[in-house]
Amino acid sequence: MTTTADAPILAVENLVTSFRTGGGWHPAVRDVSFAVQHNETLAIVGESGCGKSVTALSIMGLVPPANGRIAGGHIRFAGLDLVALDDEEMRRIRGDRISMIFQEPMTSLNPVLTVGFQVAEALRYHRDMGRRESDVAALELLDQVKIPSARARFADYPHQFSGGMRQRVMIAMALACRPELLLADEPTTALDVTIQAQVLSLLAELKAAYGMAMIFITHNLGVVASIADRVAAMYAGEIVEIAPVNALFARPTHPYTELLLRSIPRVDRDMGGLSTIAGQVPAIGAMPSGCRFAPRCPLREPTCTTGDPLLVPLPGAADHLVRCRVRAPQSEAQHA
Amino acid sequence: MPDSVLTVTGLRKFFTVRRGFPRTRTVTVRALDGISFHVRDGEAFGLVGESGCGKSTAGRAGLRLIEPDAGEIDFKGENVVTASKARMRVLRRKLQIIFQDPYASLNPRRRIGKALIEPMRVHGIAADAECEERAHALLAEVGLPDDAMTRYPHEFSGGQRQRIGIARSLTLEPELLVADEPVSALDISIQSQILLLLQRLQENRKLAFIFISHDLGVVRYFCQRMAVMYLGRIVETGPIPAIFQEPLHPYTRMLRDASPVPDPQFKVIMQRIEGEVPSAVDPPSGCHFHTRCPHVMPVCRDVYPEWRQTDDERGVACHLHAR
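So the sequence lines, in the order shown, correspond to chains A and B.
The numbering of the first sequence is the numbering used here, which starts it at 1109 and goes up by one.
The numbering of the second sequence is the numbering used here, which starts it at 41 and goes up by one.
In case anyone wonders, no lab produced these hints; they're calculated from the structure.
Fair warning: this is a prediction, and the values are worked out from it, not measured in the lab.
For each label pair, taking beta carbons as the anchor points, the in silico distance ranges come out as:
no.: 1; chain 1: A; residue 1: 1233; chain 2: B; residue 2: 240; range: 55 to 61 angstroms
no.: 2; chain 1: A; residue 1: 1316; chain 2: B; residue 2: 191; range: 49 to 55 angstroms
no.: 3; chain 1: B; residue 1: 154; chain 2: A; residue 2: 1212; range: 31 to 37 angstroms
From the three backbone atoms N, C-alpha and C, an ideal C-beta is built for every residue, glycine too.
Take these sequences, add in the hints, and give me the full structure.
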């Protein structure tokens, strides 16, 4: 539990996670590296199939073994390499020191068990608490996630809760053991905007209260702007840009990030016109050589399709990294 | 309304559903509780609101795809509600719909060409050869390759399928399109492609739209006017962008302020956490919104606020704006 103040709680290094499709293994996540500090929220943003959820599943050790595997890299968490742990060791960490919430709470909650029982379960499993003790703690958790009259609702079943309340129950379950790291995979995507705003506020509040680190996965750049301290934008299995939230929105530098930001119709202002990104995301088995965004990129140069671009810091901004030959000169990498 | 293509007055639709276990009971969902709006020639009219507010039912009942319980629908001077079956067939050509998930509305075993040509045949629009020609033209118009004609729905991505759905809705040369969350299932980069396509069609074909969406940003971008729905009723209508700049109804304001924008200077924060949000099964007394309203007054709990037209363009149902 004890780590020095500035050491990251999680460091993902050169992660490669592959899936078997059409007879061959193809990386869904390729050479992904990032770190998350205590009390920091890192948002991973990208479109469907960019590898953001696979990154989270890799950290949780939940890559489906039938057709997926971590093919390379390290996931360092509080001095451990999660990639090297066996199932039993991973099970002790999961739900205790690292936990996760998902998009659709109804599919993650057991419909035939009461809400109170499910929140208390992690405490009985990881903390060896008895029934009475864990129930008291679970009730306190339900209060913390602001379930109204939690005592009366303790023995209710998930179907008796609204979508927003179910998601808060999921959050209570995830936070039961006071994890050091919370992974949230599109936790507000299925919710109405007013409920989404409430859940985002609650998550930010609890994160600060617990001092935990959070990885928040979403496709919604508006949500990113609301919750993140830092942002990693992913495209086709790679991080193309990673920066503090203000820097990313003020100075989106990878052509993909920049175009994406200009493709969002905004509620707070009139858009002259929307940008679009021509074409579509390449299939996992048919990645272009060189820069994976090159076929859709308006700034494409002949060199873009030859070698893989590196994720390098921008001149004068060590914490703003971009994977683009045109916008982030690669010679910087050699000097760095 | 002389310049309006579709005028809906007092539209009502209640559903009865059986729910509960082990003892089921019959409940009434007041999906549409008397709504009125009109869509002008060549205009995109937005219907916004959160899930369960009745916006999809409004779109479908407005085209008489589901029979309304009460109310009137006028399409260019013709009464749609009382139209005969034969007359309805003609009206259907003018009134078409695009869905959120076009895959669900495409026959997986039928080639795209056939899906496009069939409606033209059914309505006897043109001879076979001409139908085929028109189908090719439609594919080009929505930005799909010509060989799509001979391919099956599963061979296309989500964005391409939405283009197919749009092409098919255009086969009968409609004058009004209901677009029910047409871009909600799409990634951002694809969403903007489809929005631009719809915008081009609106301009080139002088199409009118009823554009149903929960995404206020998309509605602000695409529509000229909009109505905000809450639990089966319209609570505010107004032109865009005025309705965003100065919302009259507290619910419109709440929706706007809760919609995240891609700018870290404007974080969406909502400290007040709600429990159960009321539903159209059992809407609260008085103003349905009073249980969530930051400006609630005693009168709001007992009396549903009367509709008030604040000027030619804007109207609101809220006691704060009562005369």
